[in-house]
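Modelling step: build the complete structure from the supplied sequences, incorporating the hints.
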Amino acid sequence: MKKQRKSRLVFTLSSIFAFIIIAMIALAPMAQADNIQQIDIYAPGRPIPIAISPLAGLPGDEISSVVIQDLDATSVFTFLDPKGFSESPTEPFNQADWLPTQVVAVLKGTASISPEGDISATATLYDVQSGAVLFSKSYGASLGMLRSLAHDISSDVFKQLTGYAGPFKCKLSYISEKHGRKNIVIADWDAYHPKTLRFNERLLMPPKWGRDNKSLFYSAERGGAWGIYRLDIAHLKESLVFYRRGTSLIGDISPSGQILFSSSYQSSPNIYIINPEGNGGYGPPLKLTHTHGINVSPALSPDGRLIAYVSDRDGSPQIYVMNTDGSNITRVTFQGNYNTAPVWSPDGKRIAFAGRAGGGQNQIFTVKPDGSDLMQLTSYGNNEDPCFSPDGSMIAFSSDRNGVKSIYIMRSNGEGQRRIKTANGANAYGPRWSYN
Amino acid sequence: MRKIAIIFAALLITAGCAHKQVASTGGLANEVTPPQKASTPSAGTGTTGVATSSENTGAAGQLKSVQAQAQDVFFDFDKYDLKPASKQALKDLSAMLLKDQKLKVAIQGNCDERGTAEYNLALGDRRASAAKKYLEALGVSAARISTVSFGSEKPVCKEKTEACWAKNRRDHFVLSF
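Which chain is which? The protein sequence lines are P and C, in order. Sequential numbering of the first sequence, starting at 362, is according to our numbering. Sequential numbering of the second sequence, starting at 3, is according to our numbering.
Check before you lean on any hint, since a few could be wrong.
[As the list claims (entries may be wrong)] DSS-like, lysine-lysine: derived pairs with alpha carbons at most 30 angstroms apart:
hint, chain 1, residue 1, chain 2, residue 2
1, C, K93, C, K81
2, P, K539, C, K162
3, P, K648, C, K134
4, C, K89, C, K66
5, C, K162, C, K81
6, P, K598, C, K156
In short, the hints are calculated from the structure, not lab data. It should be emphasised that the depicted structure is a prediction, and the values quoted were computed from it without experimental measurement.
Next up, the structure:
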């Protein structure tokens, strides 16, 4: 019995070893691909033509269609119609077949399902101009995780061609609302595979991800006050983070688990921070703002040194930035009289927010933290709740531009705005992508 | 007083902490039952002092009568200062509260949908708080007044018109014994 287990272990180790060797072989051609120019996804211009050949083998068509769906959602690419392929999926890549098609890159590969239902795939991305292999990798997933495997391939293709990892491996959380009843939904990055957590509450705010992606933090009104709660996603178990009288709203969660929030429990809504203690509880709140008006929606900068937040200290809601100890308050927004909901780009170079623009509707803007270089990214309908993908390439937001409040995505320069599919007949808003 | 507040908060926290029973329905949907509904008063009142059925019908009738007299007060867009008409309505309300010391009031602050949700909750908080402070200034004990913000989450009017938005920018008062 013991011996058997040992031999299985040896077998496992040897397969890992074999995998490493395969991976090393696969990685080898990448070195020569380094001088291939990456696409600047923020440069204006036409989408880049590429070809995604169906992976040869049974689940290949399905995997390729998810890869196309993923990459298409970024609006960075156009895809060559398979009718224009002069090379079958099973034939090896031949540069001469693709040069006349104008495509920049071609993805080819194989896919199979084992009798146990495990999916394996290989994918190789070719640069058409040079004929070079840009990357070649093996993938594996258990039955039912086909989309997840495809998202891995999409991520590798996007990273290779743009330098960004893309949002494909993230989860998306949002609120789904029907007849005033709100539930939290967790789905794949593109709203596929939605899993509804049935809160069925009227007074529930969109959740924010803990940095480990294992928990969601949200605010809900229960028992006469707004409190902050944490949901352990794996066990669907809720615990209380902060509950006092008044209105307490989660703002952000730091990498070390500190909670940034606003609360009116002492007087008017101000920004506070609480530190986690070993027992799952939190230490006493430390007050960071001290005005008699409104201070709300704190967001921690990626380097952990600054907090962006909303304050009406100058008479109307505007975005401000301060140090994490509450010092050195500087105003970021000056245009318009209603700027709220700040979030930082993952590189810390920009803040996205919802601002009231002409026509009295909210639009998504980005601005540098010093207040310069303001850019308006949306212009139709009400657009709110901006959120960056963890690689910074994209922004998700809510919009009512088509009548129903729905979730949209766009590149972080505002190009390629499109709706992603959520349940019919329900409002969907407050999107947040998980961390990578 | 402070002790009472702490005990009260502790009770609420205990109630809120009760770990949730989670039932998985399988497939894509997972059921999460929020913390004990017992800690949440009947929907929409936002107060812990709702009149119970043990009250006699006389009290219920009296409550109905004072509730009918408690007028909503309204605010300008993105404002939380009380207008003259609002102050008059609050004076009338304070008279009722001072006349019957058993009466309590829960103030619900609301906003129109044009702002953003999180800021609106803070704004609704300020609107409720403005009325509470005014009632206190008129001599009503703070212990008899609770506040809650509904932000723009519970509009009474759902059209996208100024007339409708104006109706939603309000404090609503729920009276109880």
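Hint check results:
1. C:K93 <-> C:K81: It holds: about 20 angstroms lies between the C-alpha atoms, which stays within 30 angstroms.
2. P:K539 <-> C:K162: 18 angstroms, holds
3. P:K648 <-> C:K134: Holds, at about 23 angstroms.
4. C:K89 <-> C:K66: Measuring from Cα to Cα gives roughly 22 angstroms; hence the hint holds.
5. C:K162 <-> C:K81: 19 angstroms, holds
6. P:K598 <-> C:K156: Holds - the C-alpha atoms of C:K156 and P:K598 are around 27 angstroms apart, at most 30 angstroms.
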